[in-house]
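Novice: Sequence:
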Amino acid sequence: MGILDEAEDIHGVPKHLFSVLYGPPGVGKTVALARTANKTLIYAGEKSFVSLSQFPDITAKSIQSEGWDKLTKLIQELYNDPQDYDHLMIDTVDDLVRRKLKEQRQKVEFKRGHKDISSLEDYNLLNNHIADLMARLAMLPISVSLISHDRIPDPQAYGKGDRLLRPSLPFKSFESLNGYANVVGYMHMRKVKVEGNKTELRRVIGVQANDEYEAKNHLKLAATVTDDIFVETIRAWKGI
Numbered sequence: 545m546g547i548l549d550e551a552e553d554i555h556g557v558p559k560h561l562f563s564v565l566y567g568p569p570g571v572g573k574t575v576a577l578a579r580t581a582n583k584t585l586i587y588a589g590e591k592s593f594v595s596l597s598q599f600p601d602i603t604a605k606s607i608q609s610e611g612w613d614k615l616t617k618l619i620q621e622l623y624n625d626p627q628d629y630d631h632l633m634i635d636t637v638d639d640l641v642r643r644k645l646k647e648q649r650q651k652v653e654f655k656r657g658h659k660d661i662s663s664l665e666d667y668n669l670l671n672n673h674i675a676d677l678m679a680r681l682a683m684l685p686i687s688v689s690l691i692s693h694d695r696i697p698d699p700q701a702y703g704k705g706d707r708l709l710r711p712s713l714p715f716k717s718f719e720s721l722n723g724y725a726n727v728v729g730y731m732h733m734r735k736v737k738v739e740g741n742k743t744e745l746r747r748v749i750g751v752q753a754n755d756e757y758e759a760k761n762h763l764k765l766a767a768t769v770t771d772d773i774f775v776e777t778i779r780a781w782k783g784i
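Quick note on this note's numbering: the sequence shown kicks off at 545 and runs consecutively.
FYI, nobody ran anything at the bench for these hints, they're computed from the structure.
Source: prediction; values computed, not measured.
Some hints here could point you the wrong way.
Claimed, not checked - Per label pair, the in silico range of CB-to-CB distance: (1) Arg643 - Met733: 37 to 47 Å; (2) Gln608 - Ala780: 24 to 34 Å; (3) Thr603 - Val738: 27 to 37 Å; (4) Arg779 - Pro569: 18 to 28 Å; (5) Glu621 - Glu739: 43 to 53 Å; (6) Lys742 - Asn672: 48 to 58 Å.
As the list claims (entries may be wrong) - Below, in silico cross-link-like pairs of lysine to aspartate or glutamate (DMTMM-like), each with a Cα-Cα straight-line distance of 25 Å or less: (7) Lys605 - Glu719; (8) Lys782 - Glu756; (9) Lys583 - Asp613; (10) Lys583 - Glu647; (11) Lys782 - Asp630; (12) Lys614 - Glu719; (13) Lys605 - Asp625; (14) Lys716 - Glu610; (15) Lys614 - Asp601; (16) Lys644 - Asp601; (17) Lys646 - Asp601.
All residues carry an ideal CB built from backbone N, CA and C; glycine is no exception.
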């Protein structure tokens, strides 16, 4: 019996934390999310695991990302037996999506050919794949985190006036992902006041949407928090 066969409501809010962190490359997203758990399994490229090697206190294992099918199989295995992991991280989800789009184009699944990978057919097909993947992830007995890079949407592709900074994903894919997420945060470097009039450049995470970026938050957090507070709050919410 598969995951979806046992789901009472696959569109409901997951019982375990489902978080999304996006932002510029190299800002520390992987390390921050890995710190929110005791034992993380990362579905990612080699680069992500190298960054974690600098933090020996973080217990994590990396599995080389090989596309959609391998991830689906991994999710089913974790559903049947979490193997002591309490967290699955996908780094990055936009790389995974790009692979799927490429597969779709190679299989000629469109009514007509398209040079542009962001065609309407691409979005609609990908939305079906993403919706299924999100439902499967939401049923896992462990927390799930997805990492993405940031992107300013093209107004012609996403609608007039829609200029918020979003994860680097097709809009329909982001809608599916956002529907399951408890927390969506934008991580970046920003100057913050410390003692007196001094300022320091620190990693901060925006968890409340504004006119600059898209975010979402089901936890009791300020609009923008440091990465340390973000990690501490999530660990407290998980009870670890």
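Novice: Against the structure shown, which of the earlier numbered hints fail to hold, in ascending order?
Specialist: Numbers 1, 7, 8, 10, 15, 16, 17 - these are the hints that the structure violates, sorted from lowest upward.
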